[in-house]
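A.B. asks: One letter stands for each residue in the lines below.
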Amino acid sequence: MTLGLLSQYVFNSLMLGMIYAMVAVGFTLFFGVLDIIKFSHGDVLMVGAFTGLATYLGLEALGVDSALVQLLVMTLVATLSMALLGALIAKYLVLPLRLAPPLNTLLLTLMLGTVLREAVRLFYPQGSNPKPFPRLLPADSISFGSFTLRADSVILLLAGLAAIVAVHLLINRTKLGLAIRAVAQDAETARIMGINFEFIVLLTFAIGSGMAALGGLMNGLYYNEINFGIGLLLGVIGFSAAVVGGLGNIYGAILGGFLFSALQSVGAVTLPALFPGTSTAYKDVFAFAVVIIFMVWRPTGLIAEKKSERV
Amino acid sequence: MAGVTVFAVLFLHAESQEEVMGLTLGAAAALLLLARFGWNALAAVSFAGHSRTGQAAVLIGVLIIAAVFYDQHFPLLMLASVLLYIVVCLGLNLQFGYAGVLNFAGAAFFGVGCYTAAVLTSHTSLPHLAVVLIGGLMAAGIGSLLILPVLRTHGHYAALVTIAFSILFRVFLEVNDTLGGPQGMKVQGMEILGWKLNDSLAFGEIEISFYANYVVLALVMAAVAFMLVRRLERSWIGLNLDAVRLDETACAAFGIDVARWKITAFTLGNFLTGLAGSVYAMMTGFVAPNSFTFGDSLILVSIVILGGLGNPWGLSVAAAIVLMLPEKLQFIQEYRLLLYAALVILILLFRPGGLMPRQVRSYLPGWKP
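First to last, the sequence lines map onto chains A and B. Under the working numbering, residues 1 to 311 are what the first sequence spells out, in order. Under the working numbering, residues 1 to 369 are what the second sequence spells out, in order.
Careful: at least some of the hints might be erroneous.
[What the hints assert, rightly or not] Pulled a few chain A residues facing chain B out of the computed Cβ check, cut under 8 Å: (1) L97; (2) A100; (3) V236; (4) V296.
It is worth saying that the hints were derived from the structure and are not from the lab. Cβ atoms here follow ideal geometry from the backbone N, Cα and C, with glycine treated the same way.
So here's chain A without its partners, still in its complex pose (with noise of 0.2 Å):
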């Protein structure tokens, strides 16, 4: 393999997971404030890139023809659209929960996730069928013998990694993020202390719902086309990537989800080479399959949640 192809292949992996970490990073500030998993994550960002779909439009039928423009209204209303559709998940569908088996959770938001499909599948103008999703980054390339590197994967990636950046100062750095973490460390105690349980609550639920809707547009413009169903797969990547890293840590979801993607483009790569006339198909067989196998290893991912067992 030539060092071209290979840079290539490391920078497409690098483009998936920035993609999985965005949405792992959702999964993990649920599981930190909440204890809970939601599942429903990776529709809302199916829903995300839909709502970004439907402003291009809107937009292009108002005869807003400028890219830059119609880019940053779309990642706006789908984002805050996002966040919102999150925040009022988190108040009429899981806290109400909140003291059910965790079962009950987990079937919940799997079957909104259901709905959420669905209702797309239905209610969006022929939404069964895949829709090409517009071109609004410059594609212009530049080509290093058979490595190409695209400006707008660079765009892309550069804007993930803002986005993680800059969830990552929210949650360190301001007294929103101190708020977050006291309340994923004790409800109990974050209560007491004076904090809104239930305003923290929901806001997480917005900022990582806000999240998927931008790993949404991401996926759409990297892929020109979404369908309905790209929401299950991505949501079980970033459940599983978040998992792998170890749920409720922010750095633990980032590394699982550039882990995940590294994994797919190895099986992709390696199993037609190791037992030729396998397809590359394959890669996700292997790269579930290594993840089950790594939760023998390290039953609670790779970054441990700190807890003790109480009797």
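With the hints as your guide, set chain B onto chain A.
C.D. replies: Chain B alone, transformed into the frame defined by chain A:
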């Protein structure tokens, strides 16, 4: 019970959509009325008091339904599917209703059974009853690969293991050409001691749909599985499983081997699932990866939770509702998944124990809580 049978016959018989809707609403109203007057509590008490009669009545009821539709394929197919799904859900119930082992790969283990049947019937000449048995054993065997990760992990981490397996399995089937890829495989019909189950029986003028054979077979399987699960639940094994679910630490302190009981429940549950899968494959004559998606596993899980975790009767009722309602409500065809998911959300919000919550175990005969 007679009323329920008549209702089921009417329901399966109803052709027009208005009739179906009317019957559904009627049943809901009747149940509400019963609950209003506290009659369902009375019924539950009498049911508990005469469990043998009750079970016999259910068996007879199913046979009556089958007899009414002796020459129609579709209702009998539905009936047999419901019975097989009951077997699957009983297996899942053992796993997370009693032992508390999460399993989000029910459809994958069902698929293992189906594909085992497909491969064995088309490439070997093993007797088909043995094939069914091997289908169950294969599912249990492949499940045992997951035992170590399942035992080592807890809660959400354990959920991930089975979810990952369920997706892995589906993708594997889709890209594997020897197993037919996305097109799937054909499966031969079942044959027991030279008697082909796919041939219609004919007595003189009367021709009986071949699905009737499968209904009888599935009924036997469901009854045996039901009996097994009920006996297990009531025995010391069931007590151990409950203890494992409720508190692992306390359990270990009292000398109960947590790992042992988790493995028992997980393997036995997968075995039941695989058995039902191989019979299902032979009945429908066709398997394809699309029937074993993560979504299908979710439907299985939701049947168990809707019925009331740990309640075999509840999950039987839930299986019938979940499978038959969408088939019969064709006019909402497009919207059925949407409505169904919304319904599950509502039930989880307002009746988290399921339709029929599990009763407290009666430790002494005649003991009232």
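A.B. asks: The structure should be examined with respect to each hint, and the outcome stated for every one.
C.D. replies: Quick rundown of the hints versus the structure:
{"no.": "1", "hint": "L97", "in the structure": "holds (7 Å)"}
{"no.": "2", "hint": "A100", "in the structure": "holds (5 Å)"}
{"no.": "3", "hint": "V236", "in the structure": "holds (6 Å)"}
{"no.": "4", "hint": "V296", "in the structure": "holds (5 Å)"}
Checked against the numbered hints above, the structure breaks none of them.
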